[in-house]
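Trainee: Protein sequences, first through last, are from chains S and L. In terms of this note's numbering, the first sequence opens at residue 1 and continues consecutively. In terms of this note's numbering, the second sequence opens at residue 282 and continues consecutively.
Fair warning: there could be bad hints in the mix.
[What the hints assert, rightly or not] Here are a few chain L residues that face chain S, going by a calculated C-beta distance under 8 Å:
(1) I287
(2) V304
(3) P312
(4) P315
(5) Y317
(6) W343
(7) F419
(8) L434
(9) L443
(10) S446
(11) W452
(12) A526
(13) V530
(14) L570
[Said to hold, decoys possible] Simulated crosslink set (DMTMM-like; lysine to aspartate or glutamate; CA at most 25 Å straight-line):
(15) L/K288 x S/D273
(16) S/K241 x L/D546
(17) S/K16 x L/D410
(18) S/K16 x L/E480
(19) L/K404 x S/D112
(20) L/K288 x S/D269
(21) L/K404 x S/D273
No lab work stands behind these hints, which were simulated from the structure alone. Yeah, the Cβ is synthetic: ideal placement off N, Cα and C, and Gly gets one too.
One-letter residues, chain by chain:
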Amino acid sequence: MKKHSMLSEIWRRFRKNHHAVVGLAVLVLFVLIAVFAEQLAPFGYDDQDASRAMIAPCMEYPFGTDNLGRDVLSRLIYGSRYSLSIGFLAVGISVLTGGFLGVIAAYYPKLDNIIMRCMDLFMAIPQMLLAMCIVTALGSSLFNLMLAVGLSSTPKFARVVRASVLATREQEFVEAARAIGAGNWRIILHHILPNSISSLIVQATLAMAGAIISASALSFLGFGIQAPMPEWGAMLSAGRKYIRTQAYLTVIPGLAIMVVVYALNVVGDGLRDCLDPRLKK
Amino acid sequence: MLKYIIKRLLWIIPVLIGVTVIVFTILYFSPGDPAYLALGDNATPEAVEAYRVEMGINGTYWERLGRTLLGLLKGDLGISYRSRTPVLDELIVRFKVTFNISAWSIILGILLGIFFGIISALKQNTVWDSLATGCALFGISMPMFWQGLMLILIFSVWLGWLPASGYGDSWKQMVMPVIALGVNSSATIMRTTRSSMLEVMRQDYIRTAKAKGQSYWMVVLRHALRNAMIPIVTVIGLQLGVLLAGSIVTEAIFSVAGVGKYLVDSLNARDYAAVQGCVLLIAFVSAILNLIVDVIYTYIDPRMKTMYESAKVFHLPKKGAKSSV
């Protein structure tokens, strides 16, 4: 009962922000597109046909076709699977690893210095560089790309989680829980984490936007997903050769990335305003 | 203050050693043997061994790591596998290019960001405010590489005003890379300026300044902006790091021969000595920039000075933690 009322309270506050609601709708739409890609796409993502190469956007091919005669719309639809799954899973990886390290660092003062100094070392390397090195070491594939993007933002999450756990740890209810004999892990999982989760959710939403951009940038540079997979960054990179004649091949995939990232940013801002009013400045 | 700066400078040494260990370890486990890549698959074992000795990539993990670290302490970043020249020399030439572009970009970003941030905060909840914040949100959401390509499309393909690639022949070649990098940072700086200014403008001392009859712009620039500067400077510091990383993509798009392009080419050619050098250089530069930002704090807000002078290096407030992005 209580949980329901809290959720509806959050939703009531979220709903007031019209931009955020539109952003959420766009995200839901993209998730549906990704899930029903087979049904929605008029062609397969790798249906090559030289006879219909390089057709500019028209009625039959709303976004045109590329140099191998593949329908750009269909490739975009299938491509949404990559961008969304990279966004979700990469951030999932960094939340899990960063969250774990952050909780440990905040809860066990002896380990705090060691863990956070290591995180500082990783923070000294720009995220994009670290991701590039990791993906080179692991070899380029969808999973490795997610892993690289996720691991490279682990330190950021470790910091966020550590800060909020440190703040929560001093509260009375934690002391009360310890007084009735709860163990460390019970306190962490049942008392501290639920109370510091809101800043984590906000950070995760915004980080998802960043992860999608980094992953497509890596694919664009040739470190990520390889042809013929229809990842948006890779599509951009392939279309770039024809920018002088077939500009739509570069414009359209970039627009798709931008719309998704924009939606995530708006939703993230909206969530921050309603989940964590202190951060709203 | 001097003591604090020296402490921070010394702290950079272990950071660089740590970064070297991390990058070396990641690259050590990368597939592909640089020796066979350079000499071809049919190379004799003797030739491969000779090549490895020449490039300093023979021996076990620990031997190689030790050699790399010793070289680092002597200021030697190793030899590029491709060109067989010292990595450091290659980097110095390229860093000038990257530095030039990044410096102009951050200047552009700061000017645009602070200007529109102030306008947006002063005109809160008007059309101008929503226009500016909307544009900033777009600026953040636009992938930098796509923005670069769109600039090429508009200014070189359609209008024919600016050359699409290259560097050093004319100032025109700098315009698009600088815009591509700068606009992105200006969006972040603008958002921080806006929120920081909004907070400060509600303070009592602003009302006092207005009440004593000071001119409007004097109040805004001298009383409000100066007090709003701390988060703005923090974000500018973070943006400097983002810029250095962003230059990788931008340089690749505009074929500018800077550190970023060198890094991408080296990674593709498995020239790990060069990769390591690039990462180290970027980490070093960001560490120095962070230090400069921290010193600037004390000029903006003298209260910070006493804090630094008493604090130990380890217990300083971490800048990243209070980023309001």
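Trainee: Between the alpha carbons of S/K16 and L/E480, is the straight-line distance 25 Å or under?
Mentor: 22 Å, holds
Trainee: Identify whether the interface hint at L/L570 stands, where standing means a beta carbon of chain S within less than 8 Å of its own.
Mentor: Result: violated, 11 Å to nearest chain S Cβ.
Trainee: Given L/L443 as an interface hint, is the shortest Cβ-Cβ distance to chain S below 8 Å?
Mentor: With a minimum Cβ separation of about 14 Å from chain S (threshold 8 Å), the hint on L/L443 is violated.
Trainee: Can L/W343 be said to touch chain S, with a Cβ gap under 8 Å?
Mentor: 18 Å, violated
Trainee: Should the hint that L/P312 touches chain S count as held when the rule is a Cβ pair under 8 Å?
Mentor: 6 Å, holds
Trainee: Tell me if L/W452 is really an interface residue toward chain S, meaning its C-beta lies closer than 8 Å to one of theirs.
Mentor: 23 Å, violated
Trainee: Measure nothing beyond the straight line between the CA atoms of L/K404 and S/D273; if it is 25 Å or shorter, mark the hint as holding.
Mentor: Roughly 21 Å between the alpha carbons, so the hint for L/K404 and S/D273 holds.
Trainee: Holds or violated: is there a CB of chain S closer than 8 Å to the CB of L/A526?
Mentor: 4 Å, holds
Trainee: With chain S as the partner, please determine if L/S446 meets the hint condition of a C-beta pair closer than 8 Å.
Mentor: 11 Å, violated
Trainee: Verify the interface restraint on L/V530: the C-beta must sit less than 8 Å from at least one C-beta of chain S.
Mentor: 5 Å, holds
Trainee: Check the hint pairing S/K16 with L/D410 against an upper bound of 25 Å on the C-alpha distance.
Mentor: Holds: S/K16 and L/D410 sit about 19 Å apart, inside 25 Å.
Trainee: Does L/K404 pair with S/D112 here, judged by a C-alpha cut-off of 25 Å?
Mentor: Violated. L/K404 to S/D112 sits at ~45 Å, over the 25 Å cutoff.
Going through the hint list in order, the structure does not satisfy hints 1, 4, 5, 6, 9, 10, 11, 14, 15, 19 and 20.
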